[in-house]
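> In case you want the letters, here they are:
Protein chains: 2
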Amino acid sequence: MSGISSAGPQPADLWPEVQPDAARRLMLAGVESFARRGYHATTTRDIAATAGMSPAALYVHFPSKAALLFAISRSGHEQVLTLAQQAVDEAADPATAVRDLVERFTAWHARRHTIARVVQYELEALPEQQYGVVASLRKDIERLVRDVVERGCADGLFTVGDAGTAARAVLSLGVDVARWYTDRSRLTPEELGSEYGDLVLRMLGAATTPGS
Amino acid sequence: MSGISSAGPQPADLWPEVQPDAARRLMLAGVESFARRGYHATTTRDIAATAGMSPAALYVHFPSKAALLFAISRSGHEQVLTLAQQAVDEAADPATAVRDLVERFTAWHARRHTIARVVQYELEALPEQQYGVVASLRKDIERLVRDVVERGCADGLFTVGDAGTAARAVLSLGVDVARWYTDRSRLTPEELGSEYGDLVLRMLGAATTPGS
Numbered sequence: 001m002s003g004i005s006s007a008g009p010q011p012a013d014l015w016p017e018v019q020p021d022a023a024r025r026l027m028l029a030g031v032e033s034f035a036r037r038g039y040h041a042t043t044t045r046d047i048a049a050t051a052g053m054s055p056a057a058l059y060v061h062f063p064s065k066a067a068l069l070f071a072i073s074r075s076g077h078e079q080v081l082t083l084a085q086q087a088v089d090e091a092a093d094p095a096t097a098v099r100d101l102v103e104r105f106t107a108w109h110a111r112r113h114t115i116a117r118v119v120q121y122e123l124e125a126l127p128e129q130q131y132g133v134v135a136s137l138r139k140d141i142e143r144l145v146r147d148v149v150e151r152g153c154a155d156g157l158f159t160v161g162d163a164g165t166a167a168r169a170v171l172s173l174g175v176d177v178a179r180w181y182t183d184r185s186r187l188t189p190e191e192l193g194s195e196y197g198d199l200v201l202r203m204l205g206a207a208t209t210p211g212s
Numbered sequence: 001m002s003g004i005s006s007a008g009p010q011p012a013d014l015w016p017e018v019q020p021d022a023a024r025r026l027m028l029a030g031v032e033s034f035a036r037r038g039y040h041a042t043t044t045r046d047i048a049a050t051a052g053m054s055p056a057a058l059y060v061h062f063p064s065k066a067a068l069l070f071a072i073s074r075s076g077h078e079q080v081l082t083l084a085q086q087a088v089d090e091a092a093d094p095a096t097a098v099r100d101l102v103e104r105f106t107a108w109h110a111r112r113h114t115i116a117r118v119v120q121y122e123l124e125a126l127p128e129q130q131y132g133v134v135a136s137l138r139k140d141i142e143r144l145v146r147d148v149v150e151r152g153c154a155d156g157l158f159t160v161g162d163a164g165t166a167a168r169a170v171l172s173l174g175v176d177v178a179r180w181y182t183d184r185s186r187l188t189p190e191e192l193g194s195e196y197g198d199l200v201l202r203m204l205g206a207a208t209t210p211g212s
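Chains as they are written, first to last, in the UniProt record's numbering: chain D, 1 to 212; chain G, 1 to 212.
If we strip away everything but chain D, and leave its shape as in the complex, we get (with noise of 0.2 Å):
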């Protein structure tokens, strides 16, 4: 069970933001120990050993164990805010923009099953700075949701009782696909993105499902 997984995807795919190789590598490392056992059960001497890198060496990168946390927590809002607000930026309407959003945001957690379980089920083991930092990045993805459900609804594309409960349920359904994907099932990320996209515009009431 330890080592990471040449299978896998590689550490600079999933961070290509963060430099050198080491500290990625780290990253994955924590990413799998967490997931495998939890924050608190993990020591930063199990996630070098899975790493292959010495305590003292991980201490270079990373001061505590819960700022290897912080750094795949943030990481992993950033990548999901970056690709919510693109798929928003680029759609010419709402109803375009929330299929594209839904299905690149359930695409990115069926993908990134392992990743997403740490940073959406150990917010609450960060220190209170950071996770006011995570805590920020989490407002920004909910208030893009809810303005653009919000934005439908005033352009007469989608109707729903209640806007912030309706935004709510769009991210619940793809956050969740973290909890019970994985490598062997049926539907690809993106099959999967493109089913959930068709359902959430028809729970929004759109009369038309657009194309993405």
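Please keep in mind that the hints were generated in silico from the structure rather than gathered at the bench.
Be aware that one or more of the hints could be misleading.
[What the hints assert, rightly or not] Not the full set, but computed from the structure, chain G residues with beta-carbon under 8 Å of chain D: (1) Ala12; (2) Arg37; (3) Tyr39; (4) His40; (5) Tyr121; (6) Thr165; (7) Ala166; (8) Ser172; (9) Val175; (10) Asp176; (11) Arg179; (12) Asp183; (13) Leu187; (14) Tyr196; (15) Asp198; (16) Arg202.
Just so it is clear, CB atoms sit at the ideal spot from N, CA and C, and this is done for glycine as well.
Starting from the structure of chain D, add chain G where the hints point.
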């Protein structure tokens, strides 16, 4: 952070089928400990202390930490299967069945959010045989929902692309409530269940939304 809260739900309300009360108190202490630190970082000593009992007293009721997790997990799944089955049995048509099922399923995951987190997120810590028992209950729940979605499609009440994916989305939406719901959430468990009932019927392409 230790000790069972006197303000929250009491063990006898959570597990009326479990006897004696000491076993129920240990289950609640297990839920609180696993939710706070994760299964692997929790010791039987921690759980006994939270319940105000000795480790030896814990072993009278549960031979191991895994046996305690299994009792929590099996009971949670049985409660959910029962409420889902009742919703289907009592309904006159698939649309009413889905609405009532989603209302009760969502409200359960909101009201019992701490138990539900342990039930949903610590599954993989179960030993193989106990995992099999719980996996079988999960299959029963999924089959129940898929069958009612398929019946609704056959009756012309619902229109979905893929009944299996739609059924999973229905359950997924309710399960994820356990992740984000807190006692400070804006909607009560019943209000949230009602909103989600509307959203799900639309997601399934139901032409009308019957009252529950």
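> Now tell me if each hint is right for this structure.
We went through each hint and held it up to the structure:
1. Ala12: Not OK, violated: Ala12/G not within 8 Å of chain D, min 28 Å.
2. Arg37: 4 Å, holds
3. Tyr39: This interface hint holds because 7 Å falls under the 8 Å limit.
4. His40: 4 Å, holds
5. Tyr121: 6 Å, holds
6. Thr165: Cβ of Thr165/G sits 5 Å from chain D, so the hint holds.
7. Ala166: This interface hint holds because 7 Å falls under the 8 Å limit.
8. Ser172: With Cβ-Cβ at 4 Å, under 8 Å, it holds.
9. Val175: Val175/G check passes; min Cβ-Cβ to chain D is 6 Å, inside 8 Å.
10. Asp176: 4 Å, holds
11. Arg179: Constraint on Arg179/G satisfied, holds at 7 Å.
12. Asp183: Hint violated; Asp183/G Cβ to chain D Cβ min 15 Å, cut 8 Å.
13. Leu187: 7 Å, holds
14. Tyr196: 7 Å, holds
15. Asp198: 6 Å, holds
16. Arg202: Constraint on Arg202/G satisfied, holds at 5 Å.
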